[in-house]
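Please model the complete structure; the sequences and the hints are all you need to start from.
Chain by chain, the residues run as shown.
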Amino acid sequence: MGAAQQTGDSAGVLRSNEVGPDEALQLLDEDGAIHQDSTFSPYIQELSQETLRGFYADMALVRRFDTEATALQRQGELALWVPMVGQEAAQIGSGRAMNKADYAFPTYREHGVALTRGLDLADLLKLFRGISNGGWDPRETNFHLYTLVLAAQTLHAVGYAMGIQRDRAADPSTEAAAVVAYFGDGASSEGDVHESMVFAASYNAPVVFFCQNNNWAISVPFEVQSKIPLVNRAGGYGIPGIRVDGNDVLAVYAATQWALDHARNGHGPVLIEASTYRVGAHTTADDPTKYRLLAEEELWKTKDPLARLEAYLRAEGLADDEFFEGLKNDGDELAAHVRKATLALGGADIRQKFATVYAQAHPLVAEELAWFENYEASFSDAETQISGTQGGAA
Amino acid sequence: MSTMTIAKAINEGLRATLAKDPKSFLMGEDIGSLGGVYRVTEGLKKEFGGHRVMDTPLAESGIVGTAIGMALRGHRPICEIQFDGFVFPAFNQITTQLAKIHTRSDGQLSAPVVIRIPYGGGIGSIEHHSESPEALFAHTPGLRIITPSNANDAYWMIQQAVECKDPVIVFEPKRRYWLKGEVDTENSPGDPFKAHVLREGTDATLVVYGPLVPVALAAASAAAEDGHSVEVIDLRSISPIDFDTVEASVNKTGRLVVAHEAPTFGGIGGEISSRISERCFYSMESPAIRVGGFHMPYPVARVEEHYLPDIDRMLEALDRAFAY
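Protein chains in written order, with the working numbering: chain S, 1 to 394; chain W, 1 to 324.
What the hints contain is simulated information worked out from the structure, not anything from laboratory work.
We put the CB at the ideal spot given by N, CA and C, even for glycine.
It is possible that part of the hints are untrue.
Now the in silico label distances, taken between C-beta atoms and shown as ranges [unchecked claim]:
1. W:Lys-165 x S:Glu-140: 17 to 23 angstroms
2. W:Thr-96 x S:Glu-296: 31 to 37 angstroms
3. S:Ser-380 x W:Thr-96: 33 to 39 angstroms
4. S:His-267 x W:Gly-74: 22 to 28 angstroms
5. W:Thr-96 x S:Ala-341: 25 to 31 angstroms
Some but not every residue of chain W turned toward chain S, in silico, with C-beta under 7 angstroms [to be verified]:
6. Ile-68
7. Gly-69
8. Leu-72
9. Arg-73
10. Thr-103
11. Asp-106
12. Ala-138
13. His-139
14. Pro-141
15. Gly-142
16. Lys-165
Below 20 angstroms or equal to it, Euclidean Cα-Cα: the simulated SDA-like pairs (lysine to any residue) are [claimed, not checked]:
17. W:Lys-45 x S:Tyr-203
18. W:Lys-165 x S:Ala-355
19. S:Lys-126 x S:Ala-355
20. W:Lys-20 x S:Ala-169
21. S:Lys-126 x S:Arg-64
22. S:Lys-340 x S:Leu-80
23. S:Lys-290 x S:Ala-217
24. W:Lys-252 x W:Arg-199
25. W:Lys-20 x S:Asp-171
26. W:Lys-45 x S:Ala-169
27. W:Lys-194 x S:Glu-368
28. W:Lys-165 x S:His-362
29. W:Lys-165 x W:Ala-138
30. S:Lys-290 x S:Gly-280
31. W:Lys-45 x W:Pro-57
32. S:Lys-353 x W:Lys-165
33. S:Lys-353 x W:Lys-46
34. S:Lys-303 x S:Ala-57
35. W:Lys-23 x S:Asp-171
36. W:Lys-165 x S:Val-357
37. W:Lys-23 x S:Gln-165
38. W:Lys-46 x S:Ala-169
39. W:Lys-23 x S:Pro-363
40. W:Lys-165 x S:Ala-169
What follows is the structure, given as structure tokens:
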């Protein structure tokens, strides 16, 4: 328990914070040893060898993917990349807890969740290559487009969850489903996170707020965002909160399963704070050496999410060298696929952008497109002149 | 045909929408039991239930943001923002999210959210209750913006907004909520994004929308007494703007005056003046002239009569046009 503030016994005075800064649910520790918890252990006790190996495989694959994307950016093939190394357990654990009918609203760093939802990870790079501001059809995987305006998607997630409620009210045979709203410690300061929790609590929406607290909002440390663990804010909204070791894939999986069950069963929203660390830079344009200490990075490397699961799998005889060697090959194959698919993307067509501003025909867009076509055509035929009136359309 | 106020016509239009589209619902502050601060949604909660007419927490970004999520799930939210000056907490959700979701998804997703906003001044109200922020939204590609000026349009345009596949902001002229007019509930006035010529004329074209439409019609009558024939166009849609109708009129009259309550600088009037000047250059007898609010935050109620374009301000602008 951390230093909880004691303020005496006066009525109506908040006495202490529930969860201390060092407290978090942990089922698999840094050394690969299992810990028991009466509420959450049951969620992982029945997991098969295949599932446990799958957790590791997903974490290893997305890390390899992340390395490849960073390389593509360094080679000039992407304008920017947003690395997620260090957050594999938080993303794979929460992503794997979801059912097919559940829906995820990511920020822009949830490449691991994308993997669990069945996305072709190459599609994620269209945004960073300047091909599309989306890149995939969210309806195919229930993995929404990345949202770059911090926290905006938390409200969309709550609305989507309220939509599920409406669908189930209208047709009780609609499959029970919940929504996961991803955001970070930086975004937790945005007003939209507050409003989304107010709405979710008011309407008992089936939504799980999943905060990856990776300790850094670009260069600003967590202490600037909050004086207390974020999970304690849940109490202010009257919803349950769980603080979980975000580098423990088993604890993240169990906590998210619990929260999704809670939401799907009509008990309303849950806030999960996954304590993790952004091992790399905020983006490829960032330089963490300017604002944080190497010692801190080294400390977090001892909490690596992959190392501890590997230790556990080996100790329990659930995986051997052959498995881990095989994964390296799988990772290289994924990286090769992503590289090949990215380089084959070609350009973007501004005509497609004209075509998608509105869903219904729009005279101004049509007029400007016509002008543009005429302007373009003027370069292919020296005889064609641009008329003054057409010039006015742009 | 029946006679009703604009507020009642919107109420009837919402009632018709709720009855025919089970995915549609209203959400906003105080719209349920109270029926909205202007009573536009009066009786609808009683008739359709709190599930279809939903009082929300007091948070505009939350209203629009959750509406986007519900629209992505296939529902048809109709949001009420209580007053023009209170839309800004939702400005981020409207401009960076709602307006862009269709193009960001390469046309795969749509969020056909409708946002109703009572707007404009002339009601002697306090700060933030009299503004005309339509140009701020018109400048954002991806949004459609309409504003009815009479009961018949009000009845139909709110329903057409809900039927539109794009997000639509409906700016409701709050000082005209109690203006009565005939409503034909059988025959739609047609495309909500087309302008209507309300009064034909030959000497000048006066373009207005929303709350200034009755003012413009009165100004045209006054001008007629001085021997000037003024054509009055009710724009109805601010995005897109029906430039074709304005162009045809100005080619006929040779003069253009545009009036709105919003400040002229960077406003809708400037956009119309510029485009029509390009299209109608050889037909025009005078420069396009704008009439609008001054470049100041909406002033206190005791001086708003000097700020708002009235009949005399429009006549003065017409006189300037005729002087060329």
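Quick rundown of the hints versus the structure:
{"no.": "1", "hint": "W:Lys-165 x S:Glu-140: 17 to 23 angstroms", "result": "21 angstroms, holds"}
{"no.": "2", "hint": "W:Thr-96 x S:Glu-296: 31 to 37 angstroms", "result": "33 angstroms, holds"}
{"no.": "3", "hint": "S:Ser-380 x W:Thr-96: 33 to 39 angstroms", "result": "37 angstroms, holds"}
{"no.": "4", "hint": "S:His-267 x W:Gly-74: 22 to 28 angstroms", "result": "24 angstroms, holds"}
{"no.": "5", "hint": "W:Thr-96 x S:Ala-341: 25 to 31 angstroms", "result": "29 angstroms, holds"}
{"no.": "6", "hint": "Ile-68", "result": "5 angstroms, holds"}
{"no.": "7", "hint": "Gly-69", "result": "2 angstroms, holds"}
{"no.": "8", "hint": "Leu-72", "result": "6 angstroms, holds"}
{"no.": "9", "hint": "Arg-73", "result": "3 angstroms, holds"}
{"no.": "10", "hint": "Thr-103", "result": "4 angstroms, holds"}
{"no.": "11", "hint": "Asp-106", "result": "6 angstroms, holds"}
{"no.": "12", "hint": "Ala-138", "result": "10 angstroms, violated"}
{"no.": "13", "hint": "His-139", "result": "12 angstroms, violated"}
{"no.": "14", "hint": "Pro-141", "result": "5 angstroms, holds"}
{"no.": "15", "hint": "Gly-142", "result": "6 angstroms, holds"}
{"no.": "16", "hint": "Lys-165", "result": "4 angstroms, holds"}
{"no.": "17", "hint": "W:Lys-45 x S:Tyr-203", "result": "17 angstroms, holds"}
{"no.": "18", "hint": "W:Lys-165 x S:Ala-355", "result": "14 angstroms, holds"}
{"no.": "19", "hint": "S:Lys-126 x S:Ala-355", "result": "19 angstroms, holds"}
{"no.": "20", "hint": "W:Lys-20 x S:Ala-169", "result": "18 angstroms, holds"}
{"no.": "21", "hint": "S:Lys-126 x S:Arg-64", "result": "18 angstroms, holds"}
{"no.": "22", "hint": "S:Lys-340 x S:Leu-80", "result": "18 angstroms, holds"}
{"no.": "23", "hint": "S:Lys-290 x S:Ala-217", "result": "14 angstroms, holds"}
{"no.": "24", "hint": "W:Lys-252 x W:Arg-199", "result": "14 angstroms, holds"}
{"no.": "25", "hint": "W:Lys-20 x S:Asp-171", "result": "18 angstroms, holds"}
{"no.": "26", "hint": "W:Lys-45 x S:Ala-169", "result": "17 angstroms, holds"}
{"no.": "27", "hint": "W:Lys-194 x S:Glu-368", "result": "18 angstroms, holds"}
{"no.": "28", "hint": "W:Lys-165 x S:His-362", "result": "12 angstroms, holds"}
{"no.": "29", "hint": "W:Lys-165 x W:Ala-138", "result": "17 angstroms, holds"}
{"no.": "30", "hint": "S:Lys-290 x S:Gly-280", "result": "13 angstroms, holds"}
{"no.": "31", "hint": "W:Lys-45 x W:Pro-57", "result": "16 angstroms, holds"}
{"no.": "32", "hint": "S:Lys-353 x W:Lys-165", "result": "17 angstroms, holds"}
{"no.": "33", "hint": "S:Lys-353 x W:Lys-46", "result": "44 angstroms, violated"}
{"no.": "34", "hint": "S:Lys-303 x S:Ala-57", "result": "18 angstroms, holds"}
{"no.": "35", "hint": "W:Lys-23 x S:Asp-171", "result": "12 angstroms, holds"}
{"no.": "36", "hint": "W:Lys-165 x S:Val-357", "result": "12 angstroms, holds"}
{"no.": "37", "hint": "W:Lys-23 x S:Gln-165", "result": "12 angstroms, holds"}
{"no.": "38", "hint": "W:Lys-46 x S:Ala-169", "result": "19 angstroms, holds"}
{"no.": "39", "hint": "W:Lys-23 x S:Pro-363", "result": "29 angstroms, violated"}
{"no.": "40", "hint": "W:Lys-165 x S:Ala-169", "result": "25 angstroms, violated"}
In the structure shown, a violation is registered for the earlier hints numbered 12, 13, 33, 39, 40, in ascending order.
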